[in-house]
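Build the full structure now, drawing on both the sequences and the hints.
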Amino acid sequence: MRVPLGRIGFFALITAIAAILFLSAGTAAFAQGGEPQYFAIRGVKVVPVSGPPIEDATIVVARGVILAVAKDAAIPADAWVIEGKGLTVYPGLLDALTDVGLPPAPAPAASEGGPRRGGESAHGPEDRPNTTPWRNAADEVSLSDKRIETWREAGFTTVISSPKTGFFPGQAAVLDLAGDRAGNLVVKSPVAIPVSIRATGGFGSGFPDSLMGVLGYEHQVWLDTEWLEKAEAAYNKNPKGLARPRYDRASAALADALEDKALVLLSGNSTLDIRRALELTDRWKVNAAIYGGQAGYEVADEIAAKKIPVLVDLKWPEAEKDGDPDDTPSLRTLRFRDRAPSTPAAFTKSGVKFAFYSGATASPKDLLKAVKKSIDAGLTPEAALRALTLSPAEIFGVADRLGSIEKGKIANLVVTDGDLFNEKTKIKFVFVDGRRFEIREPDKPKDPPKGDITGKWKLSYTTPEGAEESTVDLSMATDGTLTGTVTSHRGTATILSGYLSADKFNFVINFLIEQSYADVKFTGTFDGTTLKGNISVQGFSIDFTGVKPTGNSSLAELSSTHQGDAR
Amino acid sequence: MSLRTSILLAAAFAFASISAAAPPAPGTSPVILIQNATILTVSHGTIERGSILIKDGKIAEVGAGIKVPAGAKVIDAAGQFVMPGIIDCHSHIAVEGSINEGSVSVSSIANIAEVLDSEDIDIYRDLAGGVTTANILHGSANSIGGQTIVIKLRWGQPSSKLPFEGALPGIKFALGENPKRSNFSIPGQPKRYPATRMGVEETIRGAFTEARDYKNAWDAYNKKVSAGEKNLLPPRRDLRLEPLVEVLEGKRYVHSHCYREDEILMLLRVAKEFGFKVRTFQHVLEGYKVADELAAAGVGASTFSDWWAYKVEAYDAIPYNAALMTHRGVVVSINSDSAAEATHLNQEAAKSMKFGALTHDEALKLVTLNPAMQLGIDKRVGTIDVGKDADLVIYNHDPLSAYAVAQKTIVDGRVLFDREKDIADRAGLENEKKDLIAKAKKAAEKKPEEKKSDEKKPDDKKPDAAKKPEDKPKPPSGAVHRDSGEEAISAPDGGAL
Amino acid sequence: MKYQIAPKKFFYFLYFLCLLYLPAPVHAQHPPSVYAITHAKITTLAGATIDDGTLLIKDGKIAAVGANVEVPAGAQVIDGKGLQIYPGLFDSVTQMGLSEIGAVSSTVDSSETGSYNPDVVAATAVFPSSEHIPVTRASGITEVLAVPGSGGFDFSGNRGVIDGQASAFSLAGWSMDEMQIKRSVAMVLNWPEIETRTFDFATFSRKEKPFADAKQDYDKQVNQLTDWIDRARHYAQAIGHGGPSDFERDVKLDALAPVVRGQLPLLVFADKARDIRNAIEFCEKQKLKMILAGGSEAYKVKDLLRSKDIPVILRPTLYLPDEEDDPYDRALSQPAELSKSGVKFAIASFDNSFARRLGQNAANAIAHGLSYEEGLKAVTLYPAQIFGLADQIGTLEAGKIANVIVTNGDPLELTTDLKYLFIKGQLTSTDNRHKRLYEKYLNRPKP
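Chains as they are written, first to last, in my numbering: chain A, 13 to 579; chain B, 32 to 528; chain C, 529 to 975.
Just so you know, these hints were derived from the structure itself, not from any lab. Mixed in with the good hints, there may be bad ones.
[To be verified] Which chain A residues face chain B? A few, computed with CB under 10 Å, are given here:
(1) Gly136
(2) Gly218
(3) Gly228
(4) Gln232
(5) Ala246
(6) Ser282
(7) Asp285
(8) Arg288
(9) Thr340
(10) Ser342
(11) Leu343
(12) Arg344
Note that the coordinates shown come from a computational prediction; the quantities given were computed from them, not determined experimentally. Glycine included, every Cβ here is placed at the ideal spot set by N, Cα and C.
Rendered as structure tokens:
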């Protein structure tokens with residue numbers, strides 16, 4: 013039976029429009045439906061990294077790839093042209109070790125360390141405690157991780173992401189921070205096997221509970237991996253009369269990853285640990301890189317001699333915010349804090365290849381500031397940029413497709429209105445795999461703030477589960493912009509944006525609630541000493557009040573207020 | 032390759048220096064002449080107003096009058112005493128992280144040599160107390176604990192340079208209340224085996240039975256290999272059992288923490304059963320009760336001077352222990368088991384003159400030649416003799432006195448502790464600290480204001496020139512290491528009380 | 529049959545019997561009560577050293593001391609030629625008799641449970657048969673202060689805030705009644721700390737707390753302490769009026785009454801400079817008499833201590849410094865530094881099994897700049913003065929308790945032997961558990 017084309021056409025059109033509307037109403041992970049995949053940025057300053065900067069150039073991007081980059085590159089007629097006057101284009105930045113894109117590890121137990129309950133303690137290396145090398149980042153990418161967006165907005169188009177918990181947490185993959193489906197993000201996998209020596213839970217927590225126990229355990233795992241391959245080969249060749257080797261998932265996963273030429277990442281931040289990591293590469297006979305590296309200024313020549321690259325943690329050591337003011341750190345600690353940012357410059361001098369990674373940095377906006385610190389301590393801006401782009405690409409074996417602005421490479425670009433390492437510079441656009449993301453400024457506070465809302469606040473509210481408390485640690489800039497964290501029994505989240513305008517405040521965090529991430533918005537008024545407002549999440553609204561717990565009155569004050577009060 | 036080779040290779044990796052490009056030792060050691068001292072040689076009596084010539088890290092000459100070679104640094108020790116550097120046979124300094132792998136009854140897989148912390152300030156403090164060599168031991172949480180190592184207190188050198196070359200590695204056993212967890216329990220966990228002294232014995236016997244079988248499997252394999260067989264699969268290497276095989280083969284010393292007379296005899300019996308020798312008993316506070324058995328077995332005893340009554344098994348401890356055992360023919364040393372005690376081992380040794388009437392030289396031996404013999408390093412250290420390492424301590428007084436203060440401590444012919452210099456350097460270090468604190472404060476205060484006053488600054492700002500690091504003898508710069516959260520426990524497993 | 533014994537032989541027999549009683553066992557049935565030690569070098573600590581003198585002991589007290597003391601008839605004469613006489617050492621912070629084996633809680637009475645126990649008294653729980661007592665006195669310590677809540681080498685219990693009253697006693701006697709010098713000498717106050725790091729034995733893990741929270745907890749504790757003192761003050765006022773009253777008595781507030789009246793000093797345990805300052809400020813405000821115990825950072829507040837006349841009982845000098853950057857001899861040189869600044873101090877063992885190291889600790893302080901006389905006084909006269917017992921102990925002066933040591937050398941040196949020991953005027957044996965075990969195994973036959 014023939015259906016009238018008109019009707020089909022009509023329905024098809026409606027469906028198409030609906031689909032487009034639906035798609036464009038989705039999260040930012042979906043490209044703006046209907047945009048051309050052809051872009052050109054005209055008359056822009058290009059910093060390719062693989063070569064000297066080019067003034068007044070044109071970049072042409074299509075199908076996710078850089079088609080041309082030259083002073084007078086031809087612009088196709090159907091390209092979306094972005095005028096680049098006053099702008100600069102850099103390669104998209106790489107965060108060399110993180111877990112962005114993966115769901116976070118479950119919140120840590122209430123007490124640090126301590127025994128694991130319920131008889132789960134390992135009794136020896138055979139129990140493979142805290143060992144999950146089969147986990148692969150590529151398999152676990154979750155598009156609902158808000159950090160994909162926040163990292164991208166800070167200029168990072170690519171991350172090397174890996175599960176984080178345990179001695180052998182898993183395998184790292186190179187992910188580009190945009191895509192319709194999880195699979196779109198994966199650039200290469202596996203690229204690395206991180207190995208940690210610090211995951212022990214302390215005395216009483218099961219094997220291993222000491223650093224030397226961890227090392228002994230890890231030696232055994234590598235030996236077993238090597239032996240098991242041989243044993244299985246021998247057994248498969250001719251099983252008659254031989255004891256069947258026990259299947260060990262961990263060894264199998266490690267063997268496979270090594271076959272794929274994954275780089276072993278060894279933790280090493282202090283001089284002791286860095287030196288130990290250098291020895292471990294010999295003992296374990298693996299290709300390795302060191303992550304942490306902050307004491308590198310002390311041992312740069314030794315690292316260079318071993319030709320081992322270093323991923324430098326950008327969370328420079330500094331005094332804790334909650335520390336005891338009477339506690340003076342040791343001279344060693346002070347020297348470390350003072351000199352750690354000079355490590356990248358020392359690496360350049362000694363010829364150590366290095367890249368930067370975010371480490372424990374909560375907000376990606378702090379990353380470039382942290383890089384700037386190392387520039388202030390002697391690193392050239394060119395070397396700094398390379399450590400954020402081509403060097404990590406080289407270290408992880410994707411320099412043939414990422415890390416610089418060259419014809420044919422993946423179109424990962426950061427477009428700014430000035431020098432990348434200048435605090436005032438704003439990022440205008442980010443291209444990931446050729447998809448354009450315009451970075452808009454967050455809402456500016458309308459009125460100057462009334463009072464200073466900075467401090468640690470205790471919020472009290474009632475959820476369907478009962479009365480609760482959270483701690484909000486706020487820092488207010490002079491223009492009223494808010495940064496900080498929110499901590500509850502569910503964990504800690506960083507404030508994505510917020511401000512105090514006159515006496516009205518608001519701030520937003522993104523939290524994993526059940527299976528997915530959701531925005532949690534706090535709005536309210538600040539009267540100078542208390543907060544009052546409501547929390548809005550997933551359609552629910554809960555009222556709260558906030559007070560600052562007293563902590564700093566002197567003994568004299570207290571004694572005087574209690575004189576003569578006999579309770 | 033044979034088990035032996037692979038074990039030796041593993042051992043070599045465990046504490047060999049990392050590469051040719053490692054930081055060079057701080058220059059060739061200078062020629063030093065110590066003059067006019069009362070020299071307590073320990074091996075051949077006391078030399079009044081004597082001299083010691085040090086060259087290339089060794090004792091080149093010892094005598095009444097030695098000519099000053101050209102270019103030598105002269106130390107005038109008039110009125111002062113020189114003795115061999117103190118050797119602490121039971122120490123837990125210079126360890127990164129916990130000294131105990133306490134999770135399992137047999138933790139021989141752990142090797143303390145891999146977690147040496149060359150930046151531990153206690154190394155310097157013990158140097159200031161005259162210690163030049165220390166036996167770094169695993170704790171006493173397990174019947175069979177981790178592998179151990181002898182180090183020299185080479186303050187200023189990286190960890191790879193601390194191990195005492197040629198000293199046989201060790202392994203720590205523990206008997207009695209600590210491995211059977213009598214005095215504490217970990218909440219939420221079932222009681223760990225062993226809970227009695229009977230279980231302690233069986234833990235050891237069980238482990239050595241396994242080790243013996245493991246050794247047999249490897250011996251059989253190696254035999255086939257030498258017979259020319261091809262396509263053989265070696266047995267799976269077990270890092271927990273390999274150190275025990277080394278014990279069976281006499282390549283690794285057993286240092287066993289113990290208290291009671293019966294457990295001392297128990298271990299001697301077990302050792303005999305499996306054909307190995309115990310090298311030293313540690314603490315061995317009831318050693319005096321079985322001194323003859325110890326002497327007959329040729330096992331060394333390393334004990335405290337006068338600790339007692341902190342546990343039931345320490346209730347019969349007596350300060351005469353060292354003297355009584357010495358008089359019965361046991362090689363006895365006095366140890367510290369704590370960084371604090373190690374700053375005055377010379378004084379602790381002196382107590383055996385009062386408690387048990389040891390002579391001056393016998394008392395000195397307790398912290399010099401005897402521990403050297405126990406650790407198998409007496410060819411190199413322990414006395415002041417030509418050809419031995421220049422490990423020396425200069426005191427302002429007879430060291431066997433509460434009034435003796437170490438003035439200089441020399442290791443491998445280098446002055447690593449100098450009291451005068453230490454005092455002179457204090458002001459400078461205080462100032463450096465003040466400056467760094469002020470600098471950090473200033474930087475922290477600058478941050479919020481940058482938002483207001485900032486205009487685009489030119490990019491060619493001059494960076495701070497990195498400060499020149501201090502000369503070697505001071506604490507090395509940088510480096511903070513996190514510990515895995517355990518040293519708060521001193522009561523339960525602590526320094527193996 | 530009748531035995532015929534020649535008178536001369538009989539006399540020799542009697543003489544022989546008498547010899548068997550010298551040196552006397554600890555407490556003979558009818559011990560001689562007059563002793564004279566002659567021709568000894570006597571350091572009285574109350575004047576110049578007497579190179580060749582006599583010390584006369586009578587009825588438990590020192591009767592006379594000097595170069596020309598007449599020896600009364602019937603006195604037991606001990607030839608002190610070549611020997612030296614000193615006051616017995618006074619260890620003024622110990623758990624002597626309150627703890628036998630640290631790891632065995634049933635033998636430990638040093639710390640009551642709960643934060644406020646002003647009414648408990650150490651003397652009640654001192655075990656006169658503790659092996660620690662004979663062991664310790666054999667090293668020349670003749671009297672101690674047993675201090676509840678002061679912890680020790682093997683201490684793993686919890687300390688409260690006010691832990692009870694410290695008692696002074698001599699190290700010999702059949703019961704506390706005989707041994708006691710003074711039942712209530714000082715009230716123990718463990719000054720609260722701002723604890724950002726604690727070890728939780730319940731979960732066996734380390735807990736960290738932000739400073740603001742820790743400070744809050746500390747403030748709460750100080751408030752609580754303030755409340756207690758306030759209540760005690762009002763209570764003391766009320767009971768001071770005499771006559772029948774309408775309110776109920778409270779044993780704890782009873783115990784605090786002498787403290788708030790300024791009659792019983794507070795023995796305040798504090799080590800960090802901030803804690804010491806806060807404690808001093810508190811005691812001043814509350815008008816309480818303060819003695820500082822611990823004082824690891826006393827040198828940081830030495831001017832304050834001197835200006836307020838607050839004496840310090842220092843921890844043993846053979847401790848490592850607290851901070852990594854502290855000079856390695858921080859604890860060793862502190863006594864000399866305090867002495868130069870005019871701060872009054874004593875040195876104590878803070879322990880029981882290590883109490884016999886008291887002399888060694890004083891000697892180490894002397895080796896690091898403290899004068900010999902100050903070092904000796906820090907373990908004899910000064911603690912006696914600090915605790916208000918100088919009328920009874922601390923020097924060799926007529927009228928004081930005869931707690932006396934006779935040595936063959938410097939009592940602070942490691943190799944000196946104690947030749948004669950007098951406690952409460954009795955010649956006391958230096959025999960103890962350690963000696964007995966030594967002798968037993970010395971005589972073990974060779975296999």
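Do the hints match the structure? See the list:
Restraint check, Gly136 (chain A) versus chain B: the minimum CB separation of about 6 Å is within 10 Å; hint holds. For Gly218 (chain A), the suggested interface contact is upheld, since its CB lies about 5 Å from the closest CB of chain B, less than 10 Å. At about 4 Å, the closest approach between the beta carbon of Gly228 (chain A) and any beta carbon in chain B falls short of 10 Å, and the interface hint on this residue holds. Hint on Gln232 (chain A) holds. Least Cβ distance to chain B is approximately 5 Å, under the 10 Å limit.
Hint status for Ala246 (chain A) relative to chain B: holds, with the closest Cβ pair at about 5 Å, below 10 Å. The restraint placing Ser282 (chain A) at the interface with chain B holds, with a minimum CB-CB distance near 4 Å, inside the 10 Å limit. Among the interface hints, the one on Asp285 (chain A) holds; its C-beta lies about 6 Å from the nearest C-beta in chain B, closer than the 10 Å criterion. Nearest Cβ of chain B to the Cβ of Arg288 (chain A): about 7 Å, under the 10 Å cut. The hint holds.
Interface hint status for Thr340 (chain A): upheld, as the beta-carbon distance to the closest one in chain B is roughly 7 Å, under 10 Å. The beta carbon of Ser342 (chain A) is positioned within 10 Å of a beta carbon in chain B (closest approach about 8 Å), and the interface hint is therefore held. At its closest, the beta carbon of Leu343 (chain A) sits 5 Å from a beta carbon of chain B; the interface hint therefore holds under the 10 Å criterion. A hinted interface residue such as Arg344 (chain A) counts as satisfied when its beta carbon comes closer than 10 Å to some beta carbon of chain B; here the least separation is about 6 Å, so the hint holds.
In summary, this structure violates none of the numbered hints.
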